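S.K.: Chain by chain, the residues run as shown.
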Amino acid sequence: MTVPELHQQIHVDPDRCLGCFACASACPEQRITWDDREGNRRFRAPAVCAGDCTRCRDACPADAVRLEPMGETAGRSWEPLSWSLPLARCRRCREPFTTQKILALLSRTLEATVGLSAGEADWPSCCPACRRDLESRRLLDAARWNR
Amino acid sequence: MERILVRWERCVGCRSCELACRVAHSASGDLFSAVLERPAPSRRIYVEQADKTPSPFLCRQCEDAPCVRSCPTRALAHDETTGLVAYEPARCIGCHGCVMACPFGMIQPDVREGFIAKCDRCKGRDRPACVEACPTHTLVLEKDFLDLRRKEAVRNLVQSGNPV
Amino acid sequence: MLLKREDVQARTITEDGRIFMEKAARDGLETVWDRYRAQQPQCGFCELGLSCRNCSMGPCRIDPFGEGPQRGVCGADADIIVARNLGRMIAAGSASHSDHGRDLVEVLRKVGEGKAPGYGIRSEEKLRKLASELGVSEDGQSVEALAVAVAEALEEEFGTRKKALAFVGRVPEKRRRIWEKLGITPRGIDRETSEMMHRTHMGVDNDWKSLLLHGLRNALSDGWGGSLIATEVSDILFGIPQPVASEVNLRVLKEDQVNIVLHGHNPIVSEMIFQAAQDPELMGLAEEKGARGINLAGLCCTGNELLMRRGIPMAGNHLMTELALSTGLIDMMLVDYQCIMPALGETARCYHTRMVSTSDKAKYPFMEHREFHPENARDLARDLVREAVENFVRRIPAKVLSPPGAPVKMMAGFSVEAIVSALGGSAGPLIDAIKSGAIQGAVGVVGCNNPKIRHDYGHVTLTTRLIENDVLVVDTGCAAVAHAKAGLKVPEAAEKAGPGLRQVCRALGIPPVLHMGSCVDNVRIFDLAAALAHALGTDISDLPLAAAAPEWYSEKAVSIACYAVASGVYTVLGTPPPIFGSQNIVKLLTEDLEGLLGASFAVEPDPARAADLILERIRAKRAALGL
Amino acid sequence: MEPFLFVDFSRCIACQACWAACRREHGGVSRLHLLCFQEAAVPLACRQCRKAPCAGFCPEGALVQEEGRGVKFLEERCTHCGLCAAACPFGVLEIVPGPVPDLSRCDLCRRRWEEGLMPVCVLTCPTRALSLDAGGAVGRRRRAQPAAFPVS
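So the protein sequences, as listed, match chains H, S, Y and R. For the first sequence, UniProt numbering begins at 1 and goes up steadily by one. For the second sequence, UniProt numbering begins at 1 and goes up steadily by one. For the third sequence, UniProt numbering begins at 1 and goes up steadily by one. For the fourth sequence, UniProt numbering begins at 1 and goes up steadily by one.
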C-alpha cells in the first residue's frame with residue numbers, strides 16, 4: 001500500500017459545530033459535503049487532507065475545525081468523519097430550514113441586540129419562504145387602508 | 001392619555017406646529033440652538049395641503065396599528081396604559097417596515113433617536129408642543145375638542161332657531 | 001384674571017410694578033404681559049427672520065431645519081430674506097427718529113417765521129453753533145432769520161443732493177475714511193431709508209452683504225442725521241439740558257393733584273403743556289376743583305425730554321404705561337407718537353382718564369384726537385390742561401389706588417454740555433480719569449423694555465455690575481428710567497460704584513449713571529465719544545467704550561444699535577434680533593464686522609454675562625491703548 | 001437619509017415587471033421576491049435595515065452599514081456560511097447553492113448606482129410603486145389623501 005502525501009488530519013468538534021456550511025463552501029475540492037435528511041443535517045468530511053490548505057478551518061465561524069499536521073501515519077484513523085445536527089422545522093410549513101443550534105444562537109443574538117425574547121416574534125422560527133409570506137401579508141394588510 | 005385632535009378647518013398653514021415639534025425633539029429644546037443641530041431634529045407632525053386647505057397631520061395612535069403589525073421586533077407596540085403607539089428605539093432594527101405600512105404617512109426615517117420619527121405625544125410634557133404652538137387652536141386635546149364641538153353644535157342649533 | 005404671586009415676581013423687579021400689576025388684574029385689565037403670554041409660543045420663522053411677505057408671490061418661509069423649502073418663490077434664500085427683513089427694520093427705525101427730527105425742524109422754521117406762538121429760541125448759542133456747522137452765514141441776521149436759514153439747511157439734510165450729511169463732519173477722520181472705504185457714508189436722511197425700501201423690493205439688491213452694508217448707512221443717516229437733528233433742534237427750541245433733580249416711579253402721581261401724564265417721544269406738545277400748567281388761572285381752577293395743584297409726569301421719552309429740561313418727574317418706562325393708568329389717578333394722558341401701545345385707549349376706559357392723541361400721524365383706538373400744530377399749540381395746550389383739571393372731579397374713588405410711600409429721587413439733565421461743564425469746562429478730567437484707570441471705560445446702557453425680559457432686570461443688573469467695576473454708565477430712554485427707579489441716579493449711588501468711579505463721582509457730585517436723555521438723544525453719547533476720540537487723536541473704536549440694549553424691543557433700537565456699531569462701538573443686545581435664520585449674517589454681524597468697522601454685535605440675554613463681555617472688551621481696548 | 005426600496009402597495013398592479021427586470025439585471029436570479037396573492041402582488045427586497053440582523057449575525061463582518069447607501073456586502077470576507085439568511089426577518093437574503101455559492105440580496109443595483117443610475121426595478125415599475133425616497137413623496141401623498149383626512 002502506497003502512502004499518499006498526507007499532510008494534515010482533520011478534526012471536527014461536533015459540539016462546537018453550528019451546522020452552517022461555511023467549511024463545505026470553502027473547500028476547493030468540495031470534499032466536505034452535507035445534506036438534510038430525516039430531521040438532521042449530516043456532514044461528511046475526509047479524515048485526512050492533502051495539501052496545506054486551511055480554508056475550511058478559517059471559514060468556520062465556531063472554531064469547530066482543527067487541522068493537525070501529520071508526521072507519522074501510524075496509528076492514525078483513516079475513517080471519514082461524519083457528524084450531524086438536528087434541524088429546525090419551520091413553525092408554519094414544517095419544512096426544515098436550518099439547524100436548531102443556529103436558531104438558538106439567533107434567538108440569543110436577537111435578545112442581546114434588540115431585546116427580542118424567544119417567542120415574542122413569529123418570524124425567527126419560520127423558514128425564509130414563510131418569512132416572506134408573513135411579511136408580504138403584513139404589508140398587504142396595512143396597504144388595504146390605502147386601496 | 002388624551003389624544004391630539006385636529007379641527008382642520010381652522011388651520012392657516014403657518015407650520016408653527018412643525019417648528020415646535022422639531023424644537024421639542026431637539027437636544028437643546030431651544031429654537032435658536034436647535035436650528036444649528038446636525039442632524040436636524042425631526043418633526044413628527046406634517047402640515048400638508050389637503051383638498052386645497054392646509055392641515056396638520058399627525059400619528060393617530062391607532063388601536064390596531066399597521067405599523068405595530070409590521071414591526072418584526074416589537075419596537076412599536078400599543079401601550080395599553082397610555083393608549084399610544086410607543087416606539088422603543090433599542091428594539092428597532094431600522095427595517096423601515098412601519099414607514100411603508102403606515103397608511104397615513106406619519107412615520108418617517110430618522111437618524112437621531114432610533115431610526116424613525118413618530119409622534120410620541122411629547123413624552124414628559126403636560127401638553128404636546130404642537131398643541132401649545134398652534135395659534136388658531138386647530139390642534140386640541142381630545143377633551144377640549146369634544147367640549148368645543150359640543151358648544152359649537154349647541155350654538156348652531158340655537159342659531160337655527162330650531163331647538164329641539 | 002387672577003395673577004399668581006410668582007408670576008408677578010417673574011415679570012418685574014420693580015415694587016410699584018408689582019403692586020399695580022396686581023391692581024390691574026383686580027380691575028380686569030389686560031396688560032402687555034398677558035398679551036405676551038397669549039402669544040406664546042411666537043412664530044419661529046419670524047423669530048429667526050426667515051419669513052418674507054415683501055411681495056404677493058409670497059408669503060414665504062425658509063425651513064431652518066433644512067428639510068423644507070430653502071428658497072422663497074422669488075428664489076431668495078435664508079441670507080437674502082434675513083438681510084431684507086433686517087434692512088426694513090433699520091429703515092423703519094431710522095425713519096421714526098428722522099421724522100421726529102423733521103417735525104422739530106418744522107417748528108424751528110415756524111418759530112423763525114413768527115408763526116409758532118409760545119415757542120421760541122431757548123438756546124441761541126446752539127443755534128449759532130449749528131449755523132456755522134451747516135455753513136449758514138450769520139452776518140447781520142436776526143435770530144429769527146437765522147432760525148429759518150438753519151431750518152432750511154436742515155431740511156436739505158433730509159434730501160438727496162449731498163455727498164455726505166453735514167454732521168458727518170463731527171466724526172473722527174479715521175472713522176470717516178472707514179465709511180468711505182465701505183461706501184456707507186450717509187448721504188441724505190430720507191434717501192437712505194427710501195433706498196433701503198427700494199433695495200429690499202423683490203428683485204433689487206440680492207447680495208446680503210451689500211444689503212447689510214446699506215443697512216449700516218441707513219442707520220448712520222439716523223445717528224448722524226435724523227436723531228442728531230432731533231436732539232440739536234430740541235435743544236435750540238427748549239434749551240440745553242442742565243443737571244436737575246427729580247423723582248421717579250408711580251408714586252410721582254399725586255392723589256390730591258390734577259395728574260397729567262405725557263407719553264410718547266416728541267417734546268413739541270409736552271413743552272406747551274408744561275407752559276400751560278404754569279398758568280395761574282388754570283392753577284386757580286385746579287384749586288377750585290379741590291386739587292392742590294397741577295402735577296405733570298412723564299412716561300417714556302416725552303417724559304425724558306421734559307425731565308431733562310424741566311425736571312418734571314417720571315411715572316415710569318415702556319412697560320409701566322398701562323400700570324400707570326391702573327392707579328386711577330391720571331386725569332389726562334397726552335400722547336404724541338412711538339411706543340404708545342394701541343391698547344392704552346381701551347385700558348383707560350376702565351377709569352376716568354381722558355386719553356388724547358395729538359399728532360396728525362398717530363391716532364389710536366378709543367382716544368380723542370386733538371391735533372397740535374405750531375400755530376395752535378399754545379391755545380390747545382391751555383384747553384387741554386383746563387379739560388384735565390375739569391376731569392379731576394370725575395375720578396372714581398373705588399378704582400383709585402394711591403401708591404404707598406415716596407418716589408425715588410433722581411438726577412438727570414446730563415447733556416454733553418452739562419457733562420463738560422461738570423468736569424470744569426473740558427473733557428480733560430474725564431480723559432485723565434480713564435487714563436489713570438479710576439474710570440475703566442464708559443458704556444451706554446440704552447433701549448426699551450420688552451416683556452421677554454423681566455422688567456428692568458436686564459438694565460439694572462447690567463448697570464450695577466458695570467459701575468461696580470469702575471465703568472461709567474451713561475443712559476437714555478427707558479433704560480435710564482429703570483436705573484433711576486433702582487436708585488442709581490443720585491450722587492449717593494456712588495457708594496455702589498467701584499472705588500475709582502466712586503471717587504470721581506464724589507469729587508464732581510454726580511451719580512455713577514448719567515442720564516443723557518430720550519432715545520433720540522443717544523446721539524449725545526456718540527457726540528461725546530467722537531469728542532473724546534478727537535481729543536485723543538484716535539478713532540471711536542479704539543476707546544474703552546461699549547453699548548448695550550438689554551431689553552430692546554423696537555425697530556428704532558435696531559437702527560440705534562446699527563449706527564452704534566458702524567460708529568465703532570461694540571454693542572451687546574439682550575433680546576435676539578430676528579437674524580438667527582442665517583448663520584452667514586450672524587457671523588458677519590458678530591465677528592466679521594470687527595475687522596471692517598472695529599466693532600461688532602453680541603447677543604447675550606443674561607445681563608450678568610453681558611457685563612462680563614463688556615468688561616472683557618473694555619480691558620482689551622485699554623490694553624491696546626497701553627493703559 | 002438612508003435609502004431603501006420603498007414599496008407603495010397601494011400602487012402595485014402586480015405586473016411583475018420589477019421581478020423580471022431584476023432577474024435580467026442580476027444574471028437570471030431575481031433578488032426581488034414577488035409574492036403573488038389573488039388580487040395583489042408584493043415585491044419584497046432587502047430593506048437595508050439600519051441595525052440589520054443579518055449584519056449583526058454575520059461572523060465575518062461581511063455585511064456592514066454604509067452611511068447613506070444602506071447595507072454593503074463585502075464579498076471578500078464572506079464564507080458563505082448562510083447565517084445571514086437565517087437572521088433576515090424578511091427572508092429576502094439567500095445563499096444560492098452552486099459550485100460557488102452566491103449571496104443573493106438586493107443591493108439597490110449598486111453597480112448602476114455607482115454610475116449614477118437608478119435601480120432597474122424602480123425604473124421599470126410602470127405605476128411608480130417602487131421608489132428610493134424613503135417614503136418622502138409617498139408619505140406626502142398618503143397624508144394628503146382623503147382617507148388620511150384628519151378627524152373633524
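Because the hints were derived from the structure by calculation, they are not lab data. Please read all numbers here as calculations on a predicted model, not as lab measurements. Warning: the hint list may mix true and false statements.
[Stated by the list, open to error] Restricting the straight-line Cα-Cα distance to at most 27 angstroms, the calculated cross-link-like pairs of lysine-lysine (DSS-like) are:
1. Y:Lys435 with Y:Lys363
2. R:Lys51 with H:Lys101
3. Y:Lys209 with Y:Lys181
4. Y:Lys23 with S:Lys143
5. R:Lys51 with S:Lys123
S.K.: For R:Lys51 and S:Lys123, compute the direct alpha-carbon distance and say whether it is at most 27 angstroms.
M.R.: holds (24 angstroms)
S.K.: Would you check the hint for Y:Lys23 and S:Lys143, treating anything up to 27 angstroms between C-alpha atoms as holding?
M.R.: Not OK: Y:Lys23 and S:Lys143 at ~34 angstroms, beyond 27 angstroms, violated.
S.K.: Checking one constraint from the list: CA of Y:Lys209 to CA of Y:Lys181, max 27 angstroms. Satisfied?
M.R.: Between Y:Lys209 and Y:Lys181 the Cα gap is close to 15 angstroms, so the pair holds against 27 angstroms.
S.K.: For a C-alpha distance cap of 27 angstroms, please report whether R:Lys51 and H:Lys101 respect it.
M.R.: Within the cut-off at roughly 23 angstroms; holds.
S.K.: Just to be careful, I want the Cα atoms of Y:Lys435 and Y:Lys363 compared with a cutoff of 27 angstroms; is the pair within it?
M.R.: violated (50 angstroms)
Of the numbered hints given earlier, the model fails hints 1 and 4; all others are met.
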